[in-house]
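Asks: Given next are the chains, with one letter for each unit.
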Amino acid sequence: MSDANGTNGANGSSNGVNPEKDLSASNLPGQRGQGGEEIRVQRGMFGADNGGDTSGYGGLVRSVRLPGPANRPYGGWFDEVADELEGALEEQGLLPENVVEKTVVDRGELTFHIEREHLLRVAQTLRDDPALRFELCTGVSGVHYLHDKGRELHAIYHLRSITHNRLIRLEVSAPDSDPHIPSLVSVYPTNDWHERETYDFFGIVFDGHPALTRIMMPDDWQGHPQRKDYPLGGIPIEYKGAQIPAPDQRRSYS
Amino acid sequence: MSSTQSAAAAASARETTEGTVYTVTGGDWDEVVESATRADDERIVVNMGPQHPSTHGVLRLILEIDGETVTEARCGIGYLHTGIEKNLEYRTWTQGTTFVTRMDYLTSFFNETAYCLAVEKLLGIEDDITERAKIIRVLLMELNRMSSHLVCIATGGMELGATTIMIYGFRDREMILDIYELITGLRMNHAYIRPGGLAQDLPPGAVDQIREFVKKMKKNLPEYDKLATGNPIFKARMQDIGYLDLAGCMALGATGPILRSTGLPHDLRKAQPYCDYETYDFDVPTADSCDSYGRFLIRLEEMRQSLRIVEQCLDRLQPGPVMVADKKIAWPAQLALGPDGLGNSLDHIKKIMGTSMEALIHHFKLVTEGFRVPPGQVYAAVESPKGELGVHAVSDGGTRPFRVHFRDPSFTNLQAMAAMCEGGQVADVIVAVASIDPVMGGVDR
Numbered sequence: 000m001s002d003a004n005g006t007n008g009a010n011g012s013s014n015g016v017n018p019e020k021d022l023s024a025s026n027l028p029g030q031r032g033q034g035g036e037e038i039r040v041q042r043g044m045f046g047a048d049n050g051g052d053t054s055g056y057g058g059l060v061r062s063v064r065l066p067g068p069a070n071r072p073y074g075g076w077f078d079e080v081a082d083e084l085e086g087a088l089e090e091q092g093l094l095p096e097n098v099v100e101k102t103v104v105d106r107g108e109l110t111f112h113i114e115r116e117h118l119l120r121v122a123q124t125l126r127d128d129p130a131l132r133f134e135l136c137t138g139v140s141g142v143h144y145l146h147d148k149g150r151e152l153h154a155i156y157h158l159r160s161i162t163h164n165r166l167i168r169l170e171v172s173a174p175d176s177d178p179h180i181p182s183l184v185s186v187y188p189t190n191d192w193h194e195r196e197t198y199d200f201f202g203i204v205f206d207g208h209p210a211l212t213r214i215m216m217p218d219d220w221q222g223h224p225q226r227k228d229y230p231l232g233g234i235p236i237e238y239k240g241a242q243i244p245a246p247d248q249r250r251s252y253s
Numbered sequence: 000m001s002s003t004q005s006a007a008a009a010a011s012a013r014e015t016t017e018g019t020v021y022t023v024t025g026g027d028w029d030e031v032v033e034s035a036t037r038a039d040d041e042r043i044v045v046n047m048g049p050q051h052p053s054t055h056g057v058l059r060l061i062l063e064i065d066g067e068t069v070t071e072a073r074c075g076i077g078y079l080h081t082g083i084e085k086n087l088e089y090r091t092w093t094q095g096t097t098f099v100t101r102m103d104y105l106t107s108f109f110n111e112t113a114y115c116l117a118v119e120k121l122l123g124i125e126d127d128i129t130e131r132a133k134i135i136r137v138l139l140m141e142l143n144r145m146s147s148h149l150v151c152i153a154t155g156g157m158e159l160g161a162t163t164i165m166i167y168g169f170r171d172r173e174m175i176l177d178i179y180e181l182i183t184g185l186r187m188n189h190a191y192i193r194p195g196g197l198a199q200d201l202p203p204g205a206v207d208q209i210r211e212f213v214k215k216m217k218k219n220l221p222e223y224d225k226l227a228t229g230n231p232i233f234k235a236r237m238q239d240i241g242y243l244d245l246a247g248c249m250a251l252g253a254t255g256p257i258l259r260s261t262g263l264p265h266d267l268r269k270a271q272p273y274c275d276y277e278t279y280d281f282d283v284p285t286a287d288s289c290d291s292y293g294r295f296l297i298r299l300e301e302m303r304q305s306l307r308i309v310e311q312c313l314d315r316l317q318p319g320p321v322m323v324a325d326k327k328i329a330w331p332a333q334l335a336l337g338p339d340g341l342g343n344s345l346d347h348i349k350k351i352m353g354t355s356m357e358a359l360i361h362h363f364k365l366v367t368e369g370f371r372v373p374p375g376q377v378y379a380a381v382e383s384p385k386g387e388l389g390v391h392a393v394s395d396g397g398t399r400p401f402r403v404h405f406r407d408p409s410f411t412n413l414q415a416m417a418a419m420c421e422g423g424q425v426a427d428v429i430v431a432v433a434s435i436d437p438v439m440g441g442v443d444r
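Just so you know, the protein sequences line up as chains A and B, in that order. So for the first sequence, numbering that gives the first Met the number 0 puts the first residue at 0; every next one is plus one. So for the second sequence, numbering that gives the first Met the number 0 puts the first residue at 0; every next one is plus one.
No wet-lab data here; the hints were simulated from the structure. Nothing here was measured: the structure is a model prediction, and the numbers come from that model. For every residue, glycine included, the Cβ atom is placed at its ideal position computed from N, Cα and C. Please note: incorrect hints may appear among the correct ones.
If you want a taste of the chain B side facing chain A, the calculated C-beta under 8 Å gives, among others [claimed, not checked]: (1) Gly77; (2) Lys85; (3) Ala286; (4) Gly319; (5) Pro320; (6) Gly353; (7) Glu357; (8) Tyr378; (9) Val393; (10) Arg399; (11) Arg406; (12) Thr411.
The list that follows gives simulated cross-link-like pairs (lysine-lysine, BS3-like), each with its CA atoms no further than 30 Å apart [stated by the list, open to error]: (13) Lys269(B) with Lys214(B); (14) Lys214(B) with Lys234(B); (15) Lys218(B) with Lys148(A); (16) Lys217(B) with Lys234(B); (17) Lys364(B) with Lys227(A); (18) Lys227(A) with Lys350(B); (19) Lys350(B) with Lys326(B); (20) Lys269(B) with Lys218(B); (21) Lys218(B) with Lys234(B); (22) Lys364(B) with Lys239(A); (23) Lys269(B) with Lys239(A); (24) Lys234(B) with Lys85(B); (25) Lys215(B) with Lys269(B); (26) Lys239(A) with Lys218(B); (27) Lys234(B) with Lys239(A); (28) Lys85(B) with Lys349(B); (29) Lys327(B) with Lys349(B); (30) Lys269(B) with Lys326(B); (31) Lys101(A) with Lys148(A); (32) Lys227(A) with Lys327(B); (33) Lys214(B) with Lys225(B); (34) Lys326(B) with Lys85(B); (35) Lys101(A) with Lys218(B).
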């Protein structure tokens with residue numbers, strides 16, 4: 000985080016604000032702690048980011064941080080699953096630290112961040128290893144972190160083990176410039192439609208999918224609507240004499 | 000086909016003052032008939048839907064048939080896509096309930112609860128939800144399970160030509176919708192369950208009306224048994240139709256009655272309890288026939304179990320708050336219907352306008368700006384009447400969701416349509432799809 004603030008410091012100090020100093024002060028309200036992984040540095044307020052902000056909030060600097068990697072022990076059955084997964088990967092001649100980028104434990108949920116080239120192998124192991132046995136995949140959900148350069152697109156899988164009554168999450172990222180993630184249809188056929196949906200909305204190309212076509216939007220649609228750089232659209236409407244702007248043109252507070 | 004013909008079949012364009020106008024020509028019926036007679040096999044591709052009364056809304060089935068046998072079946076979906084997930088990213092967390100309730104419109108309370116459980120998990124306030132709010136959530140969800148199953152059984156029966164069971168189903172569902180109307184003001188799309196609790200407490204008379212309903216429903220439920228369960232025509236149409244075994248369910252991610260009809264008693268209410276389901280006394284019915292008939296029996300039995308849970312809820316209800324005490328999350332007003340027909344709280348207005356400037360500012364900020372949710376992601380799942388309804392919610396620390404994804408059971412289960420229908424008769428496609436019970440509002444979102 001110090002890097003991000005260091006490089007941005009000159010910019011902020013033109014307002015008489017020194018973000019590095021202010022962010023590290025402990026008496027500020029809304030301090031979110033230093034842990035976690037920074038995905039974005041947000042400036043100002045009300046979504047006014049193209050200059051001309053007269054609100055007086057232009058100097059606000061907010062670091063958006065997602066929960067970061069956890070250290071052992073993870074607690075409960077989390078360690079057991081992590082041990083079994085690492086053991087199974089080693090048996091296959093893979094170094095766990097090359098496969099599992101990081102492990103996050105947050106809000107009682109376990110997340111493995113997987114390097115995309117190993118995703119298929121990991122899913123196969125999680126499904127077939129008797130000690131793991133995650134037989135049910137609840138599909139894939141895409142997330143577009145527009146400001147997290149180099150890892151904008153995330154595909155997130157929730158795997159449920161009915162045998163052991165457990166739920167884990169796999170997270171895979173890909174850059175916008177190379178939006179390819181291996182398809183899991185060969186391991187979990189249920190992901191067929193889910194991957195088509197995520198391709199349709201985020202433009203993530205699932206390599207190895209039997210027929211990756213649009214599923215919700217019309218076949219000739221341009222663009223991928225749930226990406227953060229795709230506008231919501233809409234028209235201003237009149238209500239009781241006032242013009243109400245379209246939802247994506249209204250003032251935002253975050 | 001010759002090159003001149005294919006050129007004639009393409010759309011030609013001309014420029015007008017209105018812009019480019021495309022004219023689609025060619026493909027006359029004469030040519031279609033001619034090419035069909037030239038074909039040397041009986042292979043016909045039939046589009047069933049999207050506007051077909053027995054395909055549950057705007058589901059399009061593309062069937063390749065050989066005589067009466069379906070050789071290949073595919074689904075076309077997306078006709079009811081309304082971009083709810085994208086819209087959620089432009090509203091506050093509280094406003095989200097108004098959108099999610101419209102996804103699978105037959106299971107509104109499940110959508111709302113799953114969404115609110117996810118938001119509460121992100122906020123870390125699961126333990127602060129009041130007892131009464133949790134009981135009312137369970138109460139409404141179980142009533143909702145019955146009303147959803149009733150629609151499934153009613154429309155499923157009608158598609159077989161059994162209009163009596165359709166009348167019965169909608170008759171009983173009407174009683175449940177009347178209860179919804181009394182409690183939330185609306186028959187559908189309630190937005191009653193909110194992050195932190197409920198929008199309002201139960202109105203006077205609600206408990207009595209639900210007790211009355213339970214009494215009537217106990218009398219009415221055996222009628223479905225008498226009418227359908229032992230009916231030889233009903234059984235002949237449903238048994239061994241829409242077959243999907245346990246391995247198929249696991250591979251295709253099918254949950255709910257489809258999974259339980261293979262004999263596996265997997266129910267999230269038992270496996271991963273939420274809203275204190277572990278304290279209620281109920282059974283998870285299963286069948287081992289893997290077919291439409293088994294799913295019908297399971298739905299019938301689940302309605303009986305839901306009645307049991309509803310009765311337990313009514314016995315447990317104690318007066319108390321229905322919203323978390325945290326003033327940074329709960330909206331301050333206890334609304335009452337004002338003379339203008341809008342919800343108002345005169346006491347609250349008197350307080351913020353007359354005596355407390357800070358309370359006025361707080362109210363304004365909470366309603367227009369919303370509350371902030373700490374960054375992170377969660378997955379919350381509930382057992383909806385159709386299966387596992389999962390919500391993946393991501394926050395970036397702002398007052399709006401960064402991303403909300405609904406894993407709707409109808410969407411996932413509908414993938415099993417091909418596996419259930421291929422190799423069967425055309426008429427059985429209807430029965431198999433009815434036993435999946437897809438609702439396109441949930442499939443397309």
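Asks: Which of the listed hints are broken here?
Replies: Of the numbered hints given earlier, those the structure breaks are 3, 4, 5, 6, 7, 15, 18, 23, 24, 26, 27, 28, 30 and 35, listed in rising order.
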